[in-house]
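**Q** As given, the protein sequences belong to chains L and Z, one line each in that order. Just so you know, we're using our numbering here: the first sequence kicks off at 1 and counts up by one. Just so you know, we're using our numbering here: the second sequence kicks off at 1 and counts up by one.
Think of the hints as simulated: they come from the structure by calculation, not from any bench. Don't take every hint at face value.
[Said to hold, decoys possible] No farther apart than 25 Å at their CA atoms in a straight line, the calculated lysine to any residue pairs in the SDA-like style are these:
no., chain 1, residue 1, chain 2, residue 2
1, L, 178, Z, 74
2, L, 366, Z, 120
3, Z, 28, L, 213
4, Z, 209, L, 18
5, Z, 209, L, 224
6, Z, 209, L, 154
7, L, 366, Z, 75
8, L, 209, Z, 151
9, L, 366, Z, 151
10, L, 366, Z, 117
11, L, 178, Z, 118
12, Z, 28, L, 154
13, Z, 28, L, 255
14, Z, 178, L, 158
15, L, 28, Z, 254
16, Z, 178, L, 154
17, L, 209, Z, 28
18, L, 366, Z, 178
19, L, 178, Z, 158
20, L, 305, Z, 117
21, L, 178, Z, 178
22, Z, 366, L, 214
23, Z, 366, L, 117
24, L, 28, Z, 255
25, Z, 28, L, 217
26, Z, 28, L, 256
27, L, 407, L, 364
28, Z, 178, L, 155
29, L, 209, Z, 118
30, Z, 366, L, 74
31, L, 28, Z, 214
32, Z, 305, L, 116
33, L, 178, L, 354
34, L, 28, Z, 256
35, L, 366, Z, 118
36, L, 305, Z, 94
37, L, 366, L, 182
38, Z, 209, Z, 298
On a predicted model such as this, the values are computed, not experimentally measured, just so you know.
Protein chains: 2
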Amino acid sequence: MSNRSAEITAAYAAATPGLGAGHALEAKLIGPAAYAARLSAARDAVNDAGLDAVLLGFGADMRYLTGYAAPALERLTMLVIPANGAPTLIVPRLEAGMAGDAPAMRGGHVACVTFGETDDPFALVATAVKAGGRPGSAARGVAVSDRLWSTFLIRIEAALRTHGSITQTQLASHVIGKLRMVKSAEEAALLRGAGRAVDTVVMAITSGKLLGRTENDVAREVRERLNGAGHEVSSFAIVGSGPNSASPHHEASSRVIDAGDAIVLDIGGVFGGYGSDTTRSIWVTGLNGEVPPTDDYLRRYEVLKRSHQAAMDHVRPGVSCESVDAAARAVIDAAGEGARFFHRTGHGIGLEEHEDPYIVAGNTTKLVPGHAFSIEPGIYVEGVNGARIEDIVLCGDSAVDALNHTKRDLYVVAG
Amino acid sequence: MSNRSAEITAAYAAATPGLGAGHALEAKLIGPAAYAARLSAARDAVNDAGLDAVLLGFGADMRYLTGYAAPALERLTMLVIPANGAPTLIVPRLEAGMAGDAPAMRGGHVACVTFGETDDPFALVATAVKAGGRPGSAARGVAVSDRLWSTFLIRIEAALRTHGSITQTQLASHVIGKLRMVKSAEEAALLRGAGRAVDTVVMAITSGKLLGRTENDVAREVRERLNGAGHEVSSFAIVGSGPNSASPHHEASSRVIDAGDAIVLDIGGVFGGYGSDTTRSIWVTGLNGEVPPTDDYLRRYEVLKRSHQAAMDHVRPGVSCESVDAAARAVIDAAGEGARFFHRTGHGIGLEEHEDPYIVAGNTTKLVPGHAFSIEPGIYVEGVNGARIEDIVLCGDSAVDALNHTKRDLYVVAG
Chain L
1 MSNRSAEITA
11 AYAAATPGLG
21 AGHALEAKLI
31 GPAAYAARLS
41 AARDAVNDAG
51 LDAVLLGFGA
61 DMRYLTGYAA
71 PALERLTMLV
81 IPANGAPTLI
91 VPRLEAGMAG
101 DAPAMRGGHV
111 ACVTFGETDD
121 PFALVATAVK
131 AGGRPGSAAR
141 GVAVSDRLWS
151 TFLIRIEAAL
161 RTHGSITQTQ
171 LASHVIGKLR
181 MVKSAEEAAL
191 LRGAGRAVDT
201 VVMAITSGKL
211 LGRTENDVAR
221 EVRERLNGAG
231 HEVSSFAIVG
241 SGPNSASPHH
251 EASSRVIDAG
261 DAIVLDIGGV
271 FGGYGSDTTR
281 SIWVTGLNGE
291 VPPTDDYLRR
301 YEVLKRSHQA
311 AMDHVRPGVS
321 CESVDAAARA
331 VIDAAGEGAR
341 FFHRTGHGIG
351 LEEHEDPYIV
361 AGNTTKLVPG
371 HAFSIEPGIY
381 VEGVNGARIE
391 DIVLCGDSAV
401 DALNHTKRDL
411 YVVAG
Chain Z
1 MSNRSAEITA
11 AYAAATPGLG
21 AGHALEAKLI
31 GPAAYAARLS
41 AARDAVNDAG
51 LDAVLLGFGA
61 DMRYLTGYAA
71 PALERLTMLV
81 IPANGAPTLI
91 VPRLEAGMAG
101 DAPAMRGGHV
111 ACVTFGETDD
121 PFALVATAVK
131 AGGRPGSAAR
141 GVAVSDRLWS
151 TFLIRIEAAL
161 RTHGSITQTQ
171 LASHVIGKLR
181 MVKSAEEAAL
191 LRGAGRAVDT
201 VVMAITSGKL
211 LGRTENDVAR
221 EVRERLNGAG
231 HEVSSFAIVG
241 SGPNSASPHH
251 EASSRVIDAG
261 DAIVLDIGGV
271 FGGYGSDTTR
281 SIWVTGLNGE
291 VPPTDDYLRR
301 YEVLKRSHQA
311 AMDHVRPGVS
321 CESVDAAARA
331 VIDAAGEGAR
341 FFHRTGHGIG
351 LEEHEDPYIV
361 AGNTTKLVPG
371 HAFSIEPGIY
381 VEGVNGARIE
391 DIVLCGDSAV
401 DALNHTKRDL
411 YVVAG
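Take the sequences, apply the hints, and build the full model.
**A** Put into structure tokens, the structure is as follows:
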């Protein structure tokens with residue numbers, strides 16, 4: 001084990017998933033040097049793509065490259081990474097202090113340019129693009145972060161037209177996505193911490209009271225427990241009971257959990273910047289076991305478990321994302337339940353809850369060690385109930401590396 | 001008082017700001033008929049603007065027009081409101097159940113078109129635009145929601161080019177914004193409920209322990225209390241202590257609150273869909289009063305209070321947004337502190353935390369009854385400390401109608 005690996009393992013082991021654990025682990029693992037290296041790789045990618053610059057708004061790309069989690073508000077905050085020269089952060093005057101405190105700015109790797117409430121930040125973007133564009137050639141175009149709001153994109157395009165000649169805009173995921181998709185050992189440790197933390201919440205909820213509570217009340221408990229277990233954000237708490245368990249993205253409602261309900265519990269948050277996301281399925285029998293799981297439900301659950309396992313077994317470097325999806329789907333199809341599994345098998349995860357690589361038909365991306373994604377087949381009978389099993393996994397050196405460790409069986413509980 | 005006003009008042013009075021109160025009040029106040037009327041007004045606005053359609057992604061516009069709070073994820077969900085014919089919601093197959101349950105869909109005012117994981121939703125958008133475009137004239141263009149992600153906009157524009165001739169894209173705030181900006185009596189009641197709920201949190205925090213706690217720990221308590229007081233989302237909890245109070249958008253950190261600290265407490269969330277947002281300033285003297293507020297700080301705080309009051313006194317129908325900003329600024333400028341008030345005086349609030357109308361120089365929009373916005377001057381001394389006072393207000397029939405009622409004096413606390 002290298003010194004760095006030993007350091008990461010020790011930091012991970014020391015981090016109890018309690019209050020603030022995610023942020024603390026992040027601060028230990030990812031320092032200014034990491035951001036400098038990422039920024040340098042991003043500039044290389046800009047040049048490889050033949051672009052003048054990438055323009056990144058608040059969100060995951062900016063956080064990945066600078067450590068700055070800018071507020072998602074109507075004032076522009078924009079990281080400009082030009083083909084030549086140093087990156088610039090264009091930032092509202094009233095957020096200059098916060099931005100300057102972030103690692104890449106503190107480390108001197110990014111210069112800040114501030115603007116006041118009645119200034120035009122879009123002209124500043126156009127100026128930065130022009131200053132750092134490709135020398136000795138016509139302007140080629142820019143890439144913008146995938147989640148940049150249209151209110152910014154439309155005004156940036158107008159400013160670029162006014163100030164220069166750039167007319168082509170593409171999505172930055174084609175440029176930056178490949179950097180973010182493969183997780184470093186440090187990022188893997190944060191995802192592992194996120195998995196360990198969310199598992200404690202699954203254990204608490206599945207061993208606590210459910211019968212007679214509303215979905216909303218269970219969801220509230222989930223959110224509090226996610227925070228207590230070190231998540232800085234509790235992003236979602238899907239508690240789908242009875243017929244609601246057949247609606248994959250149902251969140252939570254005022255429905256009261258009753259005996260004979262199946263429950264899909266799909267929860268996650270942000271832990272040191274990185275997402276957790278796991279799903280377990282529950283059956284509530286009533287206090288005297290009066291409504292046990294139906295034979296149909298149990299039969300479908302066994303199919304689902306084999307589907308999940310088949311996808312897990314299939315993961316290794318060199319196999320395609322779509323073949324992992326196919327492995328999960330084949331089991332459910334063979335059981336005649338294919339029409340009831342109507343979503344992809346999984347999504348990548350990292351600084352975003354859903355990101356590349358997607359585990360879906362048509363995605364021929366080949367897995368490499370460090371790819372992080374969910375495996376989450378589901379079977380849903382509309383109006384009746386449904387079930388899903390979800391783990392976050394890393395593609396390891398030779399096999400899958402699961403980050404969730406609660407049991408994958410159906411949780412049959414009395415009350 | 002009309003029957004409807006009496007009904008709203010009674011529903012508001014009956015709603016104790018406890019767990020789930022926001023959602024319950026929303027369900028009581030805003031029914032399918034309201035959405036039908038809003039959709040009809042939106043179609044009129046599309047025609048008035050000479051557009052073929054507005055295209056609204058997840059977010060406030062969609063929620064305003066349909067009651068559907070779609071998940072903010074990478075699958076497209078899009079409400080197409082064409083110049084002619086009925087609106088269509090294009091929605092992922094796995095979210096069809098949720099979407100169909102929302103008021104406007106349940107009421108039959110919007111038809112749902114679903115798509116599977118490997119289908120092309122952008123072609124569906126282009127088809128819907130073409131089907132409902134303006135008859136007997138060339139295509140005119142579309143407007144998209146301001147916060148639509150670039151990953152959607154770029155692919156929608158490509159699909160529109162492929163399927164038709166629309167090349168002009170503008171922002172939907174120019175079309176839908178004027179509908180959302182003036183709050184109905186029902187929306188005003190929800191904002192009032194949000195204000196009442198957040199006030200209980202301010203009272204709890206300012207009368208509880210602060211000395212020796214981290215900003216993060218106080219922020220955690222704020223978030224829990226916001227949820228306990230009926231907010232479905234606790235959006236932000238700015239706890240800026242000591243020098244951090246001089247950074248207006250500082251959130252919270254591991255800094256431990258000490259005697260002699262000023263604290264800016266700026267908190268808010270979502271209550272029945274509508275935002276709360278209030279700021280109060282605190283001074284922590286230490287348990288034996290050992291570090292009272294400095295004379296400089298007290299002097300600046302008095303200026304700030306007069307500035308806030310001047311803006312409040314200025315609000316009435318017919319005055320411009322920029323003149324409210326000027327009223328706040330004049331007091332601070334006259335005291336020689338103008339350079340330390342470097343942000344606008346306020347922002348609109350409703351289904352979004354920040355929306356039109358903005359209270360800022362250059363905004364000549366004239367206030368009308370039902371405009372809802374913040375008044376929040378601040379004075380910041382970099383590296384030392386700062387203070388801000390913020391209320392959400394409605395423009396009433398003849399004067400300001402404040403929605404926050406905690407005292408606006410400096411909260412001087414021992415520990």
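**Q** Does each hint fit the structure? Answer for all of them.
**A** For each hint, the structure was consulted:
| no. | hint | result |
| --- | --- | --- |
| 1 | L:178 / Z:74 | holds (17 Å) |
| 2 | L:366 / Z:120 | holds (23 Å) |
| 3 | Z:28 / L:213 | holds (22 Å) |
| 4 | Z:209 / L:18 | holds (22 Å) |
| 5 | Z:209 / L:224 | holds (21 Å) |
| 6 | Z:209 / L:154 | violated (47 Å) |
| 7 | L:366 / Z:75 | holds (22 Å) |
| 8 | L:209 / Z:151 | violated (42 Å) |
| 9 | L:366 / Z:151 | holds (23 Å) |
| 10 | L:366 / Z:117 | holds (20 Å) |
| 11 | L:178 / Z:118 | holds (22 Å) |
| 12 | Z:28 / L:154 | violated (38 Å) |
| 13 | Z:28 / L:255 | holds (17 Å) |
| 14 | Z:178 / L:158 | holds (24 Å) |
| 15 | L:28 / Z:254 | holds (14 Å) |
| 16 | Z:178 / L:154 | holds (20 Å) |
| 17 | L:209 / Z:28 | violated (30 Å) |
| 18 | L:366 / Z:178 | violated (49 Å) |
| 19 | L:178 / Z:158 | holds (24 Å) |
| 20 | L:305 / Z:117 | holds (22 Å) |
| 21 | L:178 / Z:178 | violated (41 Å) |
| 22 | Z:366 / L:214 | violated (45 Å) |
| 23 | Z:366 / L:117 | holds (20 Å) |
| 24 | L:28 / Z:255 | holds (17 Å) |
| 25 | Z:28 / L:217 | holds (20 Å) |
| 26 | Z:28 / L:256 | holds (19 Å) |
| 27 | L:407 / L:364 | violated (31 Å) |
| 28 | Z:178 / L:155 | holds (20 Å) |
| 29 | L:209 / Z:118 | violated (39 Å) |
| 30 | Z:366 / L:74 | holds (21 Å) |
| 31 | L:28 / Z:214 | holds (19 Å) |
| 32 | Z:305 / L:116 | holds (23 Å) |
| 33 | L:178 / L:354 | holds (15 Å) |
| 34 | L:28 / Z:256 | holds (20 Å) |
| 35 | L:366 / Z:118 | holds (19 Å) |
| 36 | L:305 / Z:94 | holds (20 Å) |
| 37 | L:366 / L:182 | holds (12 Å) |
| 38 | Z:209 / Z:298 | holds (22 Å) |
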